[in-house]
Structure formats: structure tokens, C-alpha cells
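Participant: The primary structure of each chain is shown beneath.
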Amino acid sequence: AQTVTQSQPEMSVQEAETVTLSCTYDTSESDYYLFWYKQPPSRQMILVIRQEAYKQQNATENRFSVNFQKAAKSFSLKISDSQLGDAAMYFCAYRRGQGAQKLVFGQGTRLTINP
Amino acid sequence: ETGVTQTPRHLVMGMTNKKSLKCEQHLGHNAMYWYKQSAKKPLELMFVYNFKEQTENNSVPSRFSPECPNSSHLFLHLHTLQPEDSALYLCASSQAGASGRRNNEQFFGPGTRLTVL
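Line by line, the protein sequences are chains S and L.
Residue 60 is where the first sequence starts when you use my numbering, and the numbers rise one by one after that.
Residue 6 is where the second sequence starts when you use my numbering, and the numbers rise one by one after that.
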């Protein structure tokens, strides 16, 4: 079975600084996707960034980027120029292959932005 | 309405009550999902429906009964729940199997906060 581990229950960063959230996963599949979701206090789960396992290039979305280390099964999220609106729970998630496949989530990291 | 909507947003029920959670997606997707988010466990999948057919049941107790009458609507019928069933129930949808890998992304609703007394 696939598992996702986030070893940092809480992180904090000063506004405008950079922070990195860690995630490791375990799978024997070769075709899979990795995601970072953000869940603010409103509880709405919002997709931040995604990475296809077959792509070597790290995904980026504006201030958000990932460091995908396939051999190490590591998938960290870097947030640059942190903003107050980035404060939320961040979940790393894994999905195998194609089609209607479930997401397997990590335990989450609560990110606090200090003004 | 756009995206994925869920009603009610909050629900308090006794252990002997029967209630239903409703999810509706306005994205033209063909797959829908129920997830449970409780305080002490990671988000976990409950059910997957693809083209109205249940394709995955993650060993969910029978006191939770899903229903998917069409690709746009998903229900979760609740009966004789236990206090430990109190959680946030999230619905999601995706366009499974379409060309273009981006179409497999799951979009979430705002959730129903359920409290069982």
C-alpha cells in the first residue's frame, strides 16, 4: 500500500521569507502523481501544485515550487516570498496512475506566517 | 453555482438519527469521491464512484451508505452513527480517463462538519 509521510506537524516563517515543507512517500508504482493541497481555516481544500512522476523537471506555480527526488521518494514544497494568506494546513498527496484513483494524504503541516 | 458544493455545511445528529449529506459538482466530471477528515487521522478515502458505479469502498462501516444517482450528484446516507464518526466529510470530483493528464485532478467541496452526539 502507498503511504505519505509529512514529518513536520507545524512550521512557521516570517512574512516575505522562504519556507520548505517536507514530504516522503512510499510506492512500488511507476506511474503516479504527487500533489500539494492547501487547506485554510475555511476548510476548502485547494490544489497548490502537482507533479507527474514521469517528468524530471520540478513543477513551479508562481511562488510555489517543488523539489521532486524520485529515487529518494521525496517531494518537498518551497514557498517563496511568504504572504499572510499562505497560512494554512498543507497536505502532500499521492495518486497512482490514471482514472478515478483515490488520493492518499499525509498527516499535514500547519504553516504559520509571522508578520 | 460553480465547482463542487456540499450541503449542509454543518450537521449535528444523535446516534439514532438518519440524515444525508449531499454533494453536487458543476464541472461536468464523471468521477466523485467521499473523504473523511477527522482530528486524529489523515484524510482518508471512503468511496469512489466512476460513471455512477462504485469502484472503491475503503472498508467503510455499513452505517455509511453512499448513493450516486448520476455523475453530478453524490449522497452519503447516515444512520446509527457513533460519536467517533464526528468529522469533516469532504466530497471531490474529477474527470477520470479523459485525455490530458491534467483532467485527472480532484476538485474538492467545502465539506460538511458532522457532530454525532
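Worth flagging that the hints you see were computed from the coordinates, not collected in a lab.
Just so you know, not all the hints are guaranteed correct.
The calculated lysine-lysine pairs, modelled on DSSO-like cross-linking and capped at a C-alpha distance of 27 Å, are [stated by the list, open to error]:
1. L/Lys46 / S/Lys137
2. S/Lys114 / S/Lys137
3. S/Lys132 / L/Lys41
4. L/Lys46 / L/Lys24
Far from chain S by the CB rule (all over 10 Å, computed), these chain L residues [stated by the list, open to error]:
5. Arg68
6. Pro88
7. Gln111
8. Arg118
In this text, a Cβ means the ideal position worked out from N, Cα and C, and glycines have one as well.
Participant: Take the hints in turn and mark each one as holding or not.
Facilitator: Quick rundown of the hints versus the structure:
Of the supplied pair hints, the one linking lysine 46 of chain L and lysine 137 of chain S holds, its CA atoms being roughly 25 Å apart against a limit of 27 Å. With a CA separation close to 18 Å, the supplied pair lysine 114 of chain S and lysine 137 of chain S stays within the 27 Å bound. With a C-alpha separation of about 26 Å, the suggested pair lysine 132 of chain S and lysine 41 of chain L falls inside the 27 Å cut-off, and the hint holds. Using a Cα cut-off of 27 Å, the hinted pair lysine 46 of chain L and lysine 24 of chain L holds, with the two alpha carbons roughly 24 Å apart.
No beta-carbon of chain S comes within 10 Å of the beta-carbon of arginine 68 of chain L; the shortest separation is about 21 Å. Remark: the non-interface label on proline 88 of chain L is consistent with the geometry, its nearest Cβ contact in chain S lying 20 Å away (cut-off 10 Å). A beta-carbon of chain S comes within 10 Å of the beta-carbon of glutamine 111 of chain L; the shortest separation is about 6 Å. Against the 10 Å criterion, arginine 118 of chain L falls within the reach of chain S, whose nearest CB is about 8 Å from its own CB.
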